[in-house]
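Undergrad: The hints should help you fit chain X onto chain A, whose structure is shown.
2 protein chains.
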Amino acid sequence: MRTPVCDELGIEFPIFAFTHCRDVVVAVAKAGGFGVLGAVGFTPEQLEIELSWIDENIGDRPYGVDIVIPNKYEGMDSEMSGDELAEMLRKMVPREHLEFGRKILADHGVPVDESTDEDTLQLLGWTEATATPQVEVALQHPKMTLIANALGTPPADMIEHIHAAGRKVAALCGSPYQARKHADAGVDIIIAQGGEGGGHCGEVGSIVLWPQVVKEVAPVPVLAAGGIGSGQQIAAALALGCQGAWTGSQWLMVEEAENTAVQQKAYADATSRDTVRSRSFTGKPCRMLKNDWTEAWQTPGNPEPLGMPLQYMVSGMAVKATHKYPDQTVDVAFNPVGQVVGQLTKVEKTATVVERWVEEYVEATTRLDELNAAAL
Amino acid sequence: MRTPVCDELGIEFPIFAFTHCRDVVVAVAKAGGFGVLGAVGFTPEQLEIELSWIDENIGDRPYGVDIVIPNKYEGMDSEMSGDELAEMLRKMVPREHLEFGRKILADHGVPVDESTDEDTLQLLGWTEATATPQVEVALQHPKMTLIANALGTPPADMIEHIHAAGRKVAALCGSPYQARKHADAGVDIIIAQGGEGGGHCGEVGSIVLWPQVVKEVAPVPVLAAGGIGSGQQIAAALALGCQGAWTGSQWLMVEEAENTAVQQKAYADATSRDTVRSRSFTGKPCRMLKNDWTEAWQTPGNPEPLGMPLQYMVSGMAVKATHKYPDQTVDVAFNPVGQVVGQLTKVEKTATVVERWVEEYVEATTRLDELNAAAL
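Top to bottom, those sequences are chains A and X.
Taken in order, the first sequence gives residues 1 to 376; the numbers are from the numbering used here.
Taken in order, the second sequence gives residues 1 to 376; the numbers are from the numbering used here.
So that you can see chain A by itself, here it is in the shape it has in the complex:
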């Protein structure tokens, strides 16, 4: 499955693994793929610690960092610092929403956090003001060779800055229209994510979206995202003209991941019909397991989700509680995952997954060859 993008990045297989766990980044790299650390939940100081750990453990292999600068969000036109912006946004969160969030938790027997608003209402890296310091940290690490933006075209000066540091820029998209904007802005690798995908995604299915994006931006390389959790699915992506696979869900179900046993059991038990695109955690449509939290925020009569990044300032309390009380929170936890969750039934070693995908890819392409040979 070697494609030009493998040579450009110096990797063996075009398997890109999005994860929030540094151990998974390292394990994927060692197995021949490319690990990408999701930075949104880390302060710049925490991110520095994570990347230093990766540097020490990854040998001479490259890796990436994923940030989130949406093309539209509350407060995007301000010139404020991250702290000032957080202060302003905190005041915009209606009491009604906070109380509704606390009630959902209380109704599920989850202890409600009584700390101050400043502790509770976290802005995280969902804005340019808070993502830019993350980029600065990332660029201090020479083996960090790719920065991906999960939710829009990165700002022009940021692309220029990353290129000047000799690194590449990637960006996700859900339509050929967005892909064209990325390509025109100088993005090096475009990730076309179908509506099957976990996390933020559009509505157009992968089988339709991928070839449209490939055609739109050629010769810019396109990675396929949304619905990939096997070598057969990678073969399908390459048949449709993509140069590799950008994957996320599978890496929640590896031994190296920090996900709790309760959450991994929820993923293992879920079918592909148990996910929903919901605005209830981040404010933008984001695919995750359906549960009582997602249902509550879409029931008519209840408060409607706020925009990004305000909604996370509310849902952050559920995310925090999940880390603190994993056994009690599965019904209200944030369990982002794609429809491919229906294929995930057990926790495996990262290296085992990569090996299996390569074998499955070879089997799939061999089967096509045999069909073609038999037809002659």
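If you're looking for bench data, these hints aren't it; they were derived computationally from the structure.
Since the structure is predicted, the reported quantities are computational estimates derived from the model, not experimental observations.
What you were told as hints is all true, and nothing was included just to trick you.
Which copy? The list can't say, so a pair holds if one copy fits it or any two copies do.
Derived DSS-like pairs: lysine-lysine, alpha-carbon spacing no greater than 30 Å straight-line:
1) LYS346 / LYS181
2) LYS346 / LYS215
3) LYS215 / LYS349
4) LYS290 / LYS72
5) LYS215 / LYS290
TA: Here is chain X on its own, set in the frame of chain A:
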């Protein structure tokens, strides 16, 4: 792209074309594929005329018929004849819904049909009582070798009856659970349709659904549906273990189709984000172009769509008006199509489409071979 199912059915390419136009059935067969006539809108007498025409024009090539027997619908447990059932169901349609439908048409300057309820509120073939006579007609035609059910597992006695007549049974599904029910009932060919698909479809995307169904029912052959409109997409389906492609949207955009120029222009102009899964025409989620009719039925405060087959007894007036006043009705017409509509930009000859798909398939599999060779 020759697979075992080609030999079983005696066709050159595993390209299955669902269409409501007899001319397309014949043109696809002559190009080496397998045409399937959607019977739902025909009375048994009309269907007899269509199939006789196909028999006269198709040479010695086989073809299929698609019927609709949902697994759940209003009146399904009655033992009534089709006429009795229609009479009963007509009384169940609320006046409010009929008036709302007429108002949408009137608001768009479409002349409102003043004929009697019996003329207007058509039951069509959406039930076992009305589909069974269609099956009887189809079985009188020896070149008609496959009957597909679009919306559920066909009744056991119907499967037995079709098998006794030496024909095969196919059925669509949107989950491995439904696929298992089909296989256990003795369905010969299972069609896995992803949520991208036009017409009735589920929510799981093709790239995820197809391999799950293949795994669930092996060795029963699976056809891939939902999002296929090119040879690359067929290659992807075969890489995922399917034996062929069940396609629909493309055949709305061929010269042999009866679709009006106005409708074909609407399809040509649409992007993949312009479709919606709506209950506003048939009562079950069905993918079509978004327009004022689909919007009206999902606006809070307006009447909600009825179940199947009641909703079509209301929307039938819009379908009828579309045939009568095609220039005025594009905003309220029933334009079923999949997300693949974004790839469809012009009207072509059926034979040209089939040739192109075969060439694209060969290109896609050749590209995979070259990647594999370069990696060695």
